[in-house]
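Peer 1: The residues making up each chain are set out below.
Protein chains: 2
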Amino acid sequence: MNDQLSNLVQKAKESTLFTAPVLSSHLERFLKEKRDLIRNLARQAIEEKVEHIYWVGSGNSWVNLHSGKQILDRYTTIPNDCFISYDFIWRNPRRLGEKSWVFLASFSGATEDTVLALRYAKMRQARTIAIVNSAESLMGREADVVIEYQSKALYILPLAFAYVFSLEIARLQGVEEADKVMQELYNIPPLLHKQYITEEQSAYQKAMMFKDENLFYVLGSGPLYGLAYKFGLTVFMENMRVNGSFMDASEFRHGPVEMLWREKPAMVFLIGTDESRPIVERVYQVAMTNGAKILRYDLADYGDIHPLLAPFVLMIPLQWFAVYSALLRGITDLDERVFMGRGILGQGNQIIWP
Amino acid sequence: MNDQLSNLVQKAKESTLFTAPVLSSHLERFLKEKRDLIRNLARQAIEEKVEHIYWVGSGNSWVNLHSGKQILDRYTTIPNDCFISYDFIWRNPRRLGEKSWVFLASFSGATEDTVLALRYAKMRQARTIAIVNSAESLMGREADVVIEYQSKALYILPLAFAYVFSLEIARLQGVEEADKVMQELYNIPPLLHKQYITEEQSAYQKAMMFKDENLFYVLGSGPLYGLAYKFGLTVFMENMRVNGSFMDASEFRHGPVEMLWREKPAMVFLIGTDESRPIVERVYQVAMTNGAKILRYDLADYGDIHPLLAPFVLMIPLQWFAVYSALLRGITDLDERVFMGRGILGQGNQIIWP
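Protein sequences, first through last, are from chains A and B.
So the first sequence is numbered by the numbering used here: it starts at 1 and just counts up by one.
So the second sequence is numbered by the numbering used here: it starts at 1 and just counts up by one.
Errors might be hidden in some of the hints.
Since the list gives no way to pick one copy over another, a pair counts as held whenever it fits inside one copy or between any two copies.
[Unchecked claim] In silico DMTMM-like cross-links for lysine to aspartate or glutamate, where the CA-CA straight-line distance does not exceed 25 Å:
hint	residue 1	residue 2
1	K264	E336
2	K122	D274
3	K264	D335
4	K264	D333
Rather than coming from a laboratory, the hints here were simulated on the basis of the structure.
Could you put together the complete structure from these sequences and hints?
Peer 2: Okay, structure coming up:
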């Protein structure tokens, strides 16, 4: 690695995009400071007999809530949906009402889609809970309850919120496994601290190998569905400015696979240790033996981790790859956007994003 | 158009892929023959106080059920989810049980993922309803109720099932609008008959213009979300063997847009006349002014159609485009698959797909 690249990496560490340097300490702090608040919220949801929970956001701030639905579906009896902000409004769900809780995530707290979704939910008399960087944001001021995470860790902290809340509901509904997952979540910060150091070198090597690719598929299933979406359709496209495609890994078998006859694209596989593993491995083998250029991120490489915690563990390896890949493509200011944040894609009074 | 291509188009009309020639008559027949059966099923669901409905399938046979969830969410109070077959099994939803109904779609009735999902649902004591081409298939024999559509129209007929069932639930729950949509659905077959004739020429011209593209994004929102997924991740990739990417159109603003700085890909916009239109138009304008190669399919071009019926109306224009695009890429047998249906991607006793 040359000096120039080293200097750019140093600069990258200060960027909003590159959260790996702070993830460990910020997650530890978040779990410590917010745990009781979030658990009380869960208890309240049970006591108030909430009839439907909606997880609402856009882009990264949609998929970081996705695990919340997965956990509630798996372990609890509360009907719930995870909707893209505008889709939530357009769909105009009949069940939405006084007995609904709506969680809305946005880093800026001033994302057009999600601000409107918040106002729509209030208009329908639902309880609104905003998960935002700062309580002083537009959404922070308008929501009934605010979870303020005060950090650039805009994926991992809302994700942690979704886990703690959903696992606490599960625990209150008598699921012993939920306590186990919760306990293991406390082991994650030290692992992230270590990963920030140990993952850099191999990420650099992978980025060098893939530096001329201009299309990346990212595939994941189960607990890794959300993280695969995040990197496939947000981080890689947004920060490396390449073409991207995301799908559930099992779905690759139902049509997409036929393109391998002519195309040999870069394909990134996120592989968990949950029930989805055998099918994802099968897809991986087909892609491998038919010439796709493959990157494999496997939870099994990181020791004995609860399968549900996969997205916490594969985040830093992928982020290091994205940072080097952006720099190697001449994108040296990781916080600069060509289109987003300029009043073109996001519009409205006090709206600053996208 | 030369003679050779004309001959290939004639041959294509006999293929399983190319359903446009039969869509009008088969939809008309399906609505006539199955309407009472489906409406009785809806009445029964209400009478039995079904607590949760699951829509389950893979690939095309997942997204054709997607509209069922949209309609139930919008017009009814029944909690429901639309899951990819394996995701349904892996998620292992706690709510699933005796008071659940599970709709499972598969053209062959012998799709690995969906056969397993059916058995899993039965094991959990849920009522299973298979939507299959033939009642004599594996799923047809194992499900509690079978909706047999006896046609190659593997998108439009299961879609019609999802509409009729969900709209009938809505009607029984007092939604007047549901009757209106249902009435308008009966006007669709004559339109499809006309489209099969009138759409060919412009599809050929578009296919010629895009014949050298090897990556297509397909974007749609609201009622067109499912159709955009179908063409983006199944038809184009499966039959034209090109790279593909699908996302909700509103999501393009939350990351993906940044790739337009370097890339000028082919982008297909499906534009409805529902609430999503202004945002989809905004995304369309950004893509247009930044050099993407654009194909626009707009429901507004087809007269006064109920916004919810959009996927029925944009199907044939897109399918004609796919047929010509496949032929122009040297793929002359539209039913040949390189990987699917060969015991690699789909495995198990009596399993024939994918």
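Peer 1: Of the hints stated earlier, which fail here?
Peer 2: none
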